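Q: This is what each chain is made of:
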Amino acid sequence: MRPFTYLIPKTLDEAISLHVSHGEHARYVAGGTDVLVKIKEGKLAPDYLISLKHIIGQDRPFLNHETGELYIGAFCTHRSIEQSTLVQHQYPIIHDAVKNIGSVQIRNVATIGGNLVNAVPSADGAIPLIALDAKANIYGTKGQRSIDLRRFFLGPGQCDLDGGEILTEIVIPPLAQRSGSAYIKHGRREAMELPMLGVGVLLSLEEDMTTCAKVRICLGVAAPTPFRAMAAEKYLKGKTIDEINLTEAGMIAGQESKVRDSIRGVAWYRREMVGVLVKRMGLKALERSKEKRED
Amino acid sequence: MAREISFVFNGNPMKMMIEDHWTLLHLIREELEYTGTKEGCGSGECGACTVIVDGIAVNSCLYLASEIEAKRLTTIEGLAAADGTLHPIQKSFVENGGIQCGFCSPGMILSAKALLDKNPGASEEDVKEAIAGNICRCTGYVQIIDSIKAVSGSGEDEPHVVAFKKDEGDRGE
Chain C
1 MRPFTYLIPK
11 TLDEAISLHV
21 SHGEHARYVA
31 GGTDVLVKIK
41 EGKLAPDYLI
51 SLKHIIGQDR
61 PFLNHETGEL
71 YIGAFCTHRS
81 IEQSTLVQHQ
91 YPIIHDAVKN
101 IGSVQIRNVA
111 TIGGNLVNAV
121 PSADGAIPLI
131 ALDAKANIYG
141 TKGQRSIDLR
151 RFFLGPGQCD
161 LDGGEILTEI
171 VIPPLAQRSG
181 SAYIKHGRRE
191 AMELPMLGVG
201 VLLSLEEDMT
211 TCAKVRICLG
221 VAAPTPFRAM
231 AAEKYLKGKT
241 IDEINLTEAG
251 MIAGQESKVR
261 DSIRGVAWYR
271 REMVGVLVKR
281 MGLKALERSK
291 EKRED
Chain U
1 MAREISFVFN
11 GNPMKMMIED
21 HWTLLHLIRE
31 ELEYTGTKEG
41 CGSGECGACT
51 VIVDGIAVNS
61 CLYLASEIEA
71 KRLTTIEGLA
81 AADGTLHPIQ
91 KSFVENGGIQ
101 CGFCSPGMIL
111 SAKALLDKNP
121 GASEEDVKEA
131 IAGNICRCTG
141 YVQIIDSIKA
151 VSGSGEDEPH
161 VVAFKKDEGD
171 RGE
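Just so you know, the sequences run in chain order C and U. Once you know that position 218 of the first sequence is 218 in our numbering, the rest is easy, because the numbers rise by one and skip nothing. Once you know that position 142 of the second sequence is 142 in our numbering, the rest is easy, because the numbers rise by one and skip nothing.
Hints should not be assumed to be uniformly reliable.
[What the hints assert, rightly or not] Simulated pairs of lysine to aspartate or glutamate, EDC-like, Cα-Cα distance not exceeding 20 angstroms:
hint: 1; chain 1: C; residue 1: K10; chain 2: C; residue 2: D59
hint: 2; chain 1: C; residue 1: K53; chain 2: U; residue 2: D54
hint: 3; chain 1: C; residue 1: K53; chain 2: U; residue 2: E33
hint: 4; chain 1: C; residue 1: K258; chain 2: C; residue 2: E248
The set of hints was computed from the structure by calculation and includes no laboratory data. Note that the structure is a prediction, hence the values are computed from the model and not measured.
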């Protein structure tokens, strides 16, 4: 591999000042499972790699009991999120997504923040977080700012980070009552593959447990960036959550998606599958909303 | 840049100078000259380079050697006892035909060890998850899974060899 100097700051401020000193010759790295591959392939040639792995902060998901917000540090590994009982019980949509990213070896080191800043259209990590209305906390020379994660993605491989800024944390607002959520990665095999399509659905129900109070339908690989099927969401809101309405919502989502032909699948098939999987995940979310939550 | 690191290699405390850009795989194979750990793809797809760092399985081709500082590293050479007695997982691979060409075996065995150390009664599903990132191009997966299950105890009474049933039709034999 091309030689570089590996810098190991202990604080965010130290990391940022190192980035300021070395400018375009520097590159942040966390788990390294993407950055090191890109260096080996010659797609990146940094003289300095600034590690974010040793910055002190929470390394697993954390629930603020006063506000009901879930905090996920950007440097959490996928494995720590997958194995969090809090995530398994209360945010199954996140568990559905992280458990199928890469392999155990990859998930043991790759971080959720790394998955997000890569901003690939297929980022499995992003879809459930957007469905949960997550915000991204970003830290830079000008201090901290917070934006909707949905607006973080600007295009394939592009996210809203200025040079030197660091994505530090994902914050998920309190879950609505009577809610359920589910995500599916659709591909030819489960492990070690990017999805052909990713579909996440979050539902919250009225007291009658059948009427849709709020819905999020979020799609991966259906557009250049993670995509919210807002027309389908609008259709479903206020309606009974059943197979017929979910089928219609799925069709609307398929039509509004911007799927295209690629090596992993063709557009017409992806569009059909958006319909099928929105319905399936809607039914699964409905089922989960009825399960007693273990708080 | 060079730096000095300390770590525990297969139970032995080590202190050595390394270069920042060395991967753990490079450190193990080229510097320590322990060649049981294999390089397959070099990009985290195949799992042939799997080693155990502080109890978890990682791809050593995508893990910087600098990151091993103050950690415990286990490679395939660290499994057998000093007198050459094989580790139960290694023994099971031998007995259950879990090895064909052998290139994937060190990685498979270390993925299995990381699993069984945490979850000694791992189910078939757990085993499949643990080795999902280990590719065997001889495609001996059934025997590999059996080898691991035999150690976890979940393989009892579940022989994988399905006897040919006469009522399945005439195969022209």
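Q: If a hint holds in the structure, say so; if it does not, say that too.
A: Checked hints:
no., hint, verdict
1, K10(C) with D59(C), "holds (14 angstroms)"
2, K53(C) with D54(U), "holds (16 angstroms)"
3, K53(C) with E33(U), "violated (28 angstroms)"
4, K258(C) with E248(C), "holds (18 angstroms)"
Violated hint: 3 only; the structure is consistent with all others.
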